[in-house]
Amino acid sequence: MKAPYTPELQEGCEARLNEITEPEMRELREYAERRLLRIGLTTAGGRDLAQDALLAVIRGIEEGRGRRPRPDEVASKESFRHYLHGVILSMTDVRSTDIKSQRRGQTPMQDAGVSEAEGGVAITARTIGTDKEAGWNDYKAQFFALLRACTPERMQATIDAWEPVFMEADYIPVRFRKYAIELRPYAAAVVEDLGGLPQPTPRVRPPLKALPAEDPPAPREDPAVQV
Amino acid sequence: MVIAGGAVQIPLFRHRPGQTTRFGIESVVLRSSDLPCDVTCAASHVIEVAGTSFVPLEGVLAAVYRSEGRRPIRDLLRDLVSMVPLQASFQNPAPAGGLIPAAEEKGYRLAKAARDGEDILIELGWQPAENASLLHVVNGAMHSRSPEKGVWIESPIPGVSALLAAELHRLLPGPPSGILSDCGWQYLNSLPSIP
Numbered sequence: 018m019k020a021p022y023t024p025e026l027q028e029g030c031e032a033r034l035n036e037i038t039e040p041e042m043r044e045l046r047e048y049a050e051r052r053l054l055r056i057g058l059t060t061a062g063g064r065d066l067a068q069d070a071l072l073a074v075i076r077g078i079e080e081g082r083g084r085r086p087r088p089d090e091v092a093s094k095e096s097f098r099h100y101l102h103g104v105i106l107s108m109t110d111v112r113s114t115d116i117k118s119q120r121r122g123q124t125p126m127q128d129a130g131v132s133e134a135e136g137g138v139a140i141t142a143r144t145i146g147t148d149k150e151a152g153w154n155d156y157k158a159q160f161f162a163l164l165r166a167c168t169p170e171r172m173q174a175t176i177d178a179w180e181p182v183f184m185e186a187d188y189i190p191v192r193f194r195k196y197a198i199e200l201r202p203y204a205a206a207v208v209e210d211l212g213g214l215p216q217p218t219p220r221v222r223p224p225l226k227a228l229p230a231e232d233p234p235a236p237r238e239d240p241a242v243q244v
Numbered sequence: 045m046v047i048a049g050g051a052v053q054i055p056l057f058r059h060r061p062g063q064t065t066r067f068g069i070e071s072v073v074l075r076s077s078d079l080p081c082d083v084t085c086a087a088s089h090v091i092e093v094a095g096t097s098f099v100p101l102e103g104v105l106a107a108v109y110r111s112e113g114r115r116p117i118r119d120l121l122r123d124l125v126s127m128v129p130l131q132a133s134f135q136n137p138a139p140a141g142g143l144i145p146a147a148e149e150k151g152y153r154l155a156k157a158a159r160d161g162e163d164i165l166i167e168l169g170w171q172p173a174e175n176a177s178l179l180h181v182v183n184g185a186m187h188s189r190s191p192e193k194g195v196w197i198e199s200p201i202p203g204v205s206a207l208l209a210a211e212l213h214r215l216l217p218g219p220p221s222g223i224l225s226d227c228g229w230q231y232l233n234s235l236p237s238i239p
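First to last, the sequence lines map onto chains A and B.
For the first sequence, our numbering gives the first residue as 18, with consecutive numbering after it.
For the second sequence, our numbering gives the first residue as 45, with consecutive numbering after it.
A couple of the hints might just be wrong.
As the list claims (entries may be wrong) - Rough simulated footprint, nothing fancy, chain B against chain A, three-plus residues with beta-carbon under 8 angstroms:
#1 90-104
#2 197-207
As the list claims (entries may be wrong) - Away from chain B, derived, C-beta distances all over 10 angstroms, residues of chain A:
#3 32
#4 51
#5 56
#6 176
Note that these hints are calculated values from the structure, not bench results.
Here the structure is a predicted model, which is why all the values come from computation and not from measurement.
Note that beta-carbon positions come from the ideal geometry of N, C-alpha and C, so glycine has one too.
So that you can see chain A by itself, here it is in the shape it has in the complex:
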């Protein structure tokens, strides 16, 4: 769960951002490049990745939708540098697993997140008939009540995000996989406490869903190009 943002913390974070010098920016870029080299991606995107990390922190403090360091992470220049490395690291992780299938003549298909389904804790109920739905709703209510009771406070936001899509999605809807990985054993224990999943076990494939739009600038057609 994100720490509540106090004006002092915001000021501390802004001060750390303003302290970043050109050599430190270069160090961040080089760190990003090394991470990209490790996962097989081009280092030509290293500068963009470092800047994206800073932008995510700026958005976090200005708009509340981005990265938010904890107080100890802005306590010193060194701790803030480690924090920014962590942001870059998680962004490279996302890039390496951010693969999507798109079928001819169809809308984009959301990534299946099969590993969560294999773990036995992520379930979807698209194939359940109306007669079974009430039972599933009861199960869902019990499941989330128990899950909230047995998990640390920091996981509550992840659980809050999961509950509304529990019946439709076969994955835990988190931006970064580490949160799903952290929550998975707790969820598996709750499923076990409840005596397993209700029958019939629903299918694990997700529904087709449109991609979230991020308002990119409109592409420009280049009529001269043919392949």
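Following the hints, position chain B against chain A.
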């Protein structure tokens, strides 16, 4: 584009995100409604504008070449970059001549290298024409004490890099250490160590 069932003409678009000056091959896109086949690509490279979805061309090329591509991929890419100049600049790139002549003659280049602890990391690129920007091919990792045991690190994203890497491995099989020239090794040995 010639695919099973005949030739098709597909309009291409260029996507220029606002915050970057980079214009890599992933920024060349086509409408998903024009897709000639199913594709797999990086989710972040798929864009939506006014309800229309655009997918990167390189995902399509990877899919086509996996099944039926016959024309050499390097010929196709030379044609593409002659019409759509790409800009993928590397910061502090490796000096020229970092690879053995057999690789350099085919357009492969040592694009970037870095030390990370005890490891040496390299990135290879492919240059479609003189002065053209490099296209990413594959990365390699070697331990500084036993570089001959190095490994190739393929891009996880399906695209032209996988096709170019396959060509490279076909031409010059072996670990990353075998493709570096004396000049390349000199450069790697001069890199500062990062703890």
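Taking the hints in turn, this is what the structure says about them:
{"no.": "1", "hint": "90-104", "result": "violated (count 0)"}
{"no.": "2", "hint": "197-207", "result": "violated (count 0)"}
{"no.": "3", "hint": "32", "result": "24 angstroms, holds"}
{"no.": "4", "hint": "51", "result": "5 angstroms, violated"}
{"no.": "5", "hint": "56", "result": "7 angstroms, violated"}
{"no.": "6", "hint": "176", "result": "24 angstroms, holds"}
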